[in-house]
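> With chain U fixed as given, assemble chain E onto it according to the hints.
Protein chains: 2
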Amino acid sequence: MREVAVIGIGQTEISEHWDKSLRELAGDAVLKAMANAGLDYFDGLYVGNMMSASANNQQQLGAYIADWVGQKSKEAYRLESACSSGAAAFRAALIAVASGEIDVAVAVGVEKMTDSPSAEITASLATAADADWEVSQGVSFVALNALIMQRYLHEYGWKRSDFANFSINAHANAMHNPYARFHMLITQKQFEEAGVICDPITLLDASPIGDGAAAALLVPVEKLAPLPNKSVIRVAGSGAASDTIAVHARKDPLWLTSAERSSKDAYRQASIDQYSIDFFEYHDAFTIMAALSLEASGFAERGQGPRLALDNEIRKGGKIPVATLGGLKARGHPVGATGMYQIAEVVTQLRGQAGEAQIDGARWGMAQNIGGSGSNIITHILTNAD
Amino acid sequence: MREVAVIGIGQTEISEHWDKSLRELAGDAVLKAMANAGLDYFDGLYVGNMMSASANNQQQLGAYIADWVGQKSKEAYRLESACSSGAAAFRAALIAVASGEIDVAVAVGVEKMTDSPSAEITASLATAADADWEVSQGVSFVALNALIMQRYLHEYGWKRSDFANFSINAHANAMHNPYARFHMLITQKQFEEAGVICDPITLLDASPIGDGAAAALLVPVEKLAPLPNKSVIRVAGSGAASDTIAVHARKDPLWLTSAERSSKDAYRQASIDQYSIDFFEYHDAFTIMAALSLEASGFAERGQGPRLALDNEIRKGGKIPVATLGGLKARGHPVGATGMYQIAEVVTQLRGQAGEAQIDGARWGMAQNIGGSGSNIITHILTNAD
Numbered sequence: 000m001r002e003v004a005v006i007g008i009g010q011t012e013i014s015e016h017w018d019k020s021l022r023e024l025a026g027d028a029v030l031k032a033m034a035n036a037g038l039d040y041f042d043g044l045y046v047g048n049m050m051s052a053s054a055n056n057q058q059q060l061g062a063y064i065a066d067w068v069g070q071k072s073k074e075a076y077r078l079e080s081a082c083s084s085g086a087a088a089f090r091a092a093l094i095a096v097a098s099g100e101i102d103v104a105v106a107v108g109v110e111k112m113t114d115s116p117s118a119e120i121t122a123s124l125a126t127a128a129d130a131d132w133e134v135s136q137g138v139s140f141v142a143l144n145a146l147i148m149q150r151y152l153h154e155y156g157w158k159r160s161d162f163a164n165f166s167i168n169a170h171a172n173a174m175h176n177p178y179a180r181f182h183m184l185i186t187q188k189q190f191e192e193a194g195v196i197c198d199p200i201t202l203l204d205a206s207p208i209g210d211g212a213a214a215a216l217l218v219p220v221e222k223l224a225p226l227p228n229k230s231v232i233r234v235a236g237s238g239a240a241s242d243t244i245a246v247h248a249r250k251d252p253l254w255l256t257s258a259e260r261s262s263k264d265a266y267r268q269a270s271i272d273q274y275s276i277d278f279f280e281y282h283d284a285f286t287i288m289a290a291l292s293l294e295a296s297g298f299a300e301r302g303q304g305p306r307l308a309l310d311n312e313i314r315k316g317g318k319i320p321v322a323t324l325g326g327l328k329a330r331g332h333p334v335g336a337t338g339m340y341q342i343a344e345v346v347t348q349l350r351g352q353a354g355e356a357q358i359d360g361a362r363w364g365m366a367q368n369i370g371g372s373g374s375n376i377i378t379h380i381l382t383n384a385d
Numbered sequence: 000m001r002e003v004a005v006i007g008i009g010q011t012e013i014s015e016h017w018d019k020s021l022r023e024l025a026g027d028a029v030l031k032a033m034a035n036a037g038l039d040y041f042d043g044l045y046v047g048n049m050m051s052a053s054a055n056n057q058q059q060l061g062a063y064i065a066d067w068v069g070q071k072s073k074e075a076y077r078l079e080s081a082c083s084s085g086a087a088a089f090r091a092a093l094i095a096v097a098s099g100e101i102d103v104a105v106a107v108g109v110e111k112m113t114d115s116p117s118a119e120i121t122a123s124l125a126t127a128a129d130a131d132w133e134v135s136q137g138v139s140f141v142a143l144n145a146l147i148m149q150r151y152l153h154e155y156g157w158k159r160s161d162f163a164n165f166s167i168n169a170h171a172n173a174m175h176n177p178y179a180r181f182h183m184l185i186t187q188k189q190f191e192e193a194g195v196i197c198d199p200i201t202l203l204d205a206s207p208i209g210d211g212a213a214a215a216l217l218v219p220v221e222k223l224a225p226l227p228n229k230s231v232i233r234v235a236g237s238g239a240a241s242d243t244i245a246v247h248a249r250k251d252p253l254w255l256t257s258a259e260r261s262s263k264d265a266y267r268q269a270s271i272d273q274y275s276i277d278f279f280e281y282h283d284a285f286t287i288m289a290a291l292s293l294e295a296s297g298f299a300e301r302g303q304g305p306r307l308a309l310d311n312e313i314r315k316g317g318k319i320p321v322a323t324l325g326g327l328k329a330r331g332h333p334v335g336a337t338g339m340y341q342i343a344e345v346v347t348q349l350r351g352q353a354g355e356a357q358i359d360g361a362r363w364g365m366a367q368n369i370g371g372s373g374s375n376i377i378t379h380i381l382t383n384a385d
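The listed protein sequences derive, respectively, from chains U and E. Residue numbering for the first sequence follows numbering that gives the first Met the number 0, starting at 0 and increasing by one per position. Residue numbering for the second sequence follows numbering that gives the first Met the number 0, starting at 0 and increasing by one per position.
These are computed hints drawn from the structure, not numbers from a lab. As the structure is a computational prediction, the values presented were derived from the model and not from experiment. Since no wrong hints were added, every one of them can be taken at face value.
Result set (BS3-like, lysine-lysine): computed pairs, CA atoms no more than 27 angstroms apart in a straight line: (1) K222(E) with K263(U); (2) K318(E) with K158(E); (3) K263(E) with K318(E); (4) K158(E) with K315(E); (5) K263(U) with K250(U); (6) K263(E) with K222(U).
Here chain U stands alone, though its shape is the one from the complex (with noise of 0.2 angstroms):
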């Protein structure tokens, strides 16, 4: 397989755009990428959504999507692994280059939301659990995630208020992020006196839904010398494992097997491990999945994730810092754009262009996004190294 690089982005801001359509939206995205990458055409379109068809009643946002760019002709679909469809999208882009069938490949993520009741956002996010098995018993998703929870804190001792420096990091951390769905610090006592949505979880343990998109362009490392000279931002590892939608059809709901695995497959493929990982693009969409997906990815003990967290570790200079420019928590969860919003993310920081944000001296950047309650797991290394 051919090395890839990504040599372009492109993000909307995460908010509530009424006054943008999906395409749009999407489009501003692509548009973007390709002008970062300065090229003005790509072979293949690989769109990540999640609720396009309840949402917005349109799908096949491949040729929605292409046609709008102008670039009408070009092979383009959809992918969907519900909260990892970024990801997804991203990692069929990456193999259709690194097979040799294209050269160049845009990723794009994309969610419109809020043009939704809510009650029909809290339906469509269901879709991402088992309707047979756990919806038709009136849970929801973020229930399901209540339910982990608890069992967490039951399991290991932990208090709620050990989570509060996930989301206090995410804030402070998206204060930086021009595309952040909040810009507003939060405090240890507002964490602990949030109101709950589903006990234990509380408002400020969970993310916020928005609008938004964002795009990567990707090409085979072997092309890029007639390319105006660029810091080359290689995909190092890409891994992707799935787990039974189900929770309850786990031998252990506390550990993601699923990012376990897919960070082996990355680690391997990068020939790294996870101590050379400089900074942690995961997917907090409640805090408990901080903590489960540092763990499962290598960076705590079993139990141990909080632990990262109350001693600061997760900050910049800390061990592992984490939402470096805001997370799910804090730059915001249009659930099939996040995925690529990690990727464009970590790219930023490689190339040192995250500001105040900036991990110093950053190398190897991961991402890791989590469709269903740990269902569908996807993890991507990047590089700015040779």
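Okay, now just chain E, sitting in the frame of chain U:
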């Protein structure tokens, strides 16, 4: 890229499967394909599906089906490009194996439509059209095809009855396909007197929806040696192209640009032209699409597709046998599954296992799957030639 072979196929009957869930249908096809290949595992699962979010309240079908067939840890996604989702899944599986990223891929197309009220299905099918520019005007998916057909009749002087043999041939061929939705012959008179759905399209121009799943298992040719002796069916060509979703936005609404482009790409990869194709599993969702597909793929001059039907050149023994196991018209059109039924049928013919429907000495078979009103077209050429 590595050469890729299909060594296993599996299909379920297309019917109203009130007694089977979405996962059971997909699982049956996947397990049959694995058994047919003599393998009890795969590395990656690629699911083609259009409307499970609305029709079955279920997304992330990758993890959903991988788990059901006992392969829960594997990479697994859904591909969606409306009615060409099946071929999109096959192409993703093909590229994943060709690239070297994985060795054993299963592509499965599945759709379970008949549980839903028909108004909901009509609304779901309309998500393949442009929500902003077409559906907002009240046009349904069949209405778009009717507009195209009306214009075609006007432009080229055909009568609707000239299209009869497309449907008559499909129904005749489906008699020999145990998986087909319909096992009944139709006559010219029945075709001419059929009830109008949307002028000029009648019930016998249109393909029936249904529930069903079809799958194929792909491996690199270079790894075939250790497997039991099999007739090797190679994937010789694969092309994919998109077009505007909105029909009115096309310079020429009577020409399937993306069929032309994707078939030319497939011919080029296979190093053949259309005259080498022994049979063609085309996308006869409506008789007008049968004509347009034949023209854009090089089998008829512009505006002359119906001539092939009138002259009986589309039957076994004719210039270009089509819908050899019933096509969408009579085998049935479970939308996201259709592309994989086409692949399974091409493999069946190339293996010489098509029974009464067998095309004698078939060496090159082509499948073309159309999403939307021609907005996403994917063409595959398979062969049993060395």
